[in-house]
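J.: Now for the letters of each chain:
Protein chains: 2
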Amino acid sequence: MAPTKTPDSSRRSDRSRRAIHDAALALVTEVGYQRTTIEGIAARAGVGKQTIYRWWPSKAAVLMDAFLDLAGRAAEEVGAGPGETAPGIPDTGDLAADLKLVLRATVDELNDPTLEAPTRALTAEGVVDAKLGAEFVHKLLDPQLALYVTRLRAAQEAGDVRADVDPRIALELLIGPLMHRWLLRTLPLTHAYADEIVDYAIGGLAPRT
Amino acid sequence: MAPTKTPDSSRRSDRSRRAIHDAALALVTEVGYQRTTIEGIAARAGVGKQTIYRWWPSKAAVLMDAFLDLAGRAAEEVGAGPGETAPGIPDTGDLAADLKLVLRATVDELNDPTLEAPTRALTAEGVVDAKLGAEFVHKLLDPQLALYVTRLRAAQEAGDVRADVDPRIALELLIGPLMHRWLLRTLPLTHAYADEIVDYAIGGLAPRT
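Going line by line, the protein sequences match chains A and B.
Residue numbers for the first sequence follow this note's numbering, beginning at 1 and rising by one.
Residue numbers for the second sequence follow this note's numbering, beginning at 210 and rising by one.
Honestly, I wouldn't trust all of these hints.
Stated by the list, open to error - Keeping only pairs whose Cα atoms sit at most 30 Å apart, straight-line, the calculated DSS-like set for lysine-lysine is:
id, chain 1, residue 1, chain 2, residue 2
1, B, Lys258, B, Lys348
2, A, Lys139, A, Lys49
3, A, Lys59, A, Lys49
4, A, Lys131, B, Lys268
5, B, Lys340, B, Lys268
6, A, Lys100, A, Lys139
7, B, Lys268, B, Lys348
8, B, Lys258, B, Lys268
9, A, Lys49, A, Lys131
10, A, Lys100, B, Lys268
11, A, Lys131, B, Lys258
12, B, Lys258, B, Lys309
13, A, Lys131, A, Lys59
14, B, Lys309, A, Lys59
15, A, Lys59, B, Lys268
No lab work stands behind these hints: they were computed from the structure.
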């Protein structure tokens, strides 16, 4: 008999989903992505593995939803509307200060040891698996990038960014260097680095005469 | 009995190494990194697997040396000195043109379908494996980045880049966006994009008044 959909069963279902998300993130941190299995996630979350197979086609899909869930929770905490995965970038009228604020927050997220392993695992899977990579970009990355486009457009209207700049490309001068440093581990990812990237991108490398 | 080291045995050894490199690159392209094994590489290269175990501790190490070998061969073709893994960035006196030339070449390399799978595989392994990632940076990436530092320092002496810019950070505004787009597959990686990144980085996003 199919269970009647009641507020109670919906709450139980939400609780199970969150337990599964948390179990997936914890397991990837502890044993790595390759050794994380649906069975292991189910055991840790205290649900049957059929529950997971009913909702997700793969462990990558579980991990992706775990990050979406986290992003949604983080956004709610800072007052984003329901369904929004991120708050907007502030517009105080000082473009450099606003971008430094958000890039410093990104540095802190990337350096957060509790999420480092699953974030790296999911990103690395997307590097080799085109389909998963496209889903990662569509669901998790693009909504973040759209916030930069909005802020840079406002800066163009305010005269702080040249009118002939494409905001979708300009934002890559900001987040590209950060992600490059984090992904390839070339040098430490610090607030000072975030600040310098913002200053270099806005001011340019050439002398202003 | 240990074989006497003669010019002939040294040549045979070079041939075996190159066969092993090529076999590793081909196998990763065909079956993926996870399913590539030392046994499979040995069979394809026509050597015993003990030969591979004698020279390399892991398949990741084989793949890393395969890329070093490729980089060395490519550099020799364009006239770099022996042991150099890359030619320098040209200095025609036109910084933007020189950087566009080298970034367009990087775009072509990243889009080369014959090397895409092994390049992605090795990079993705470095994203999750800190030790391998550090080796990748030390052996393969840092020598490339040093060429940008040299060219940007020359540009500072020529007055084309501000004296207070750190070349080691400035180069990340150039290659960070390219690698970000390639690794995360956000949008197509084209020559036009390489050109725009160079123009934005040199000129900056803010109006020049």
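J.: For this structure, which hints from the list above don't hold up?
T.: The structure breaks hints 10, 11, 12 and 14; every other hint is satisfied.
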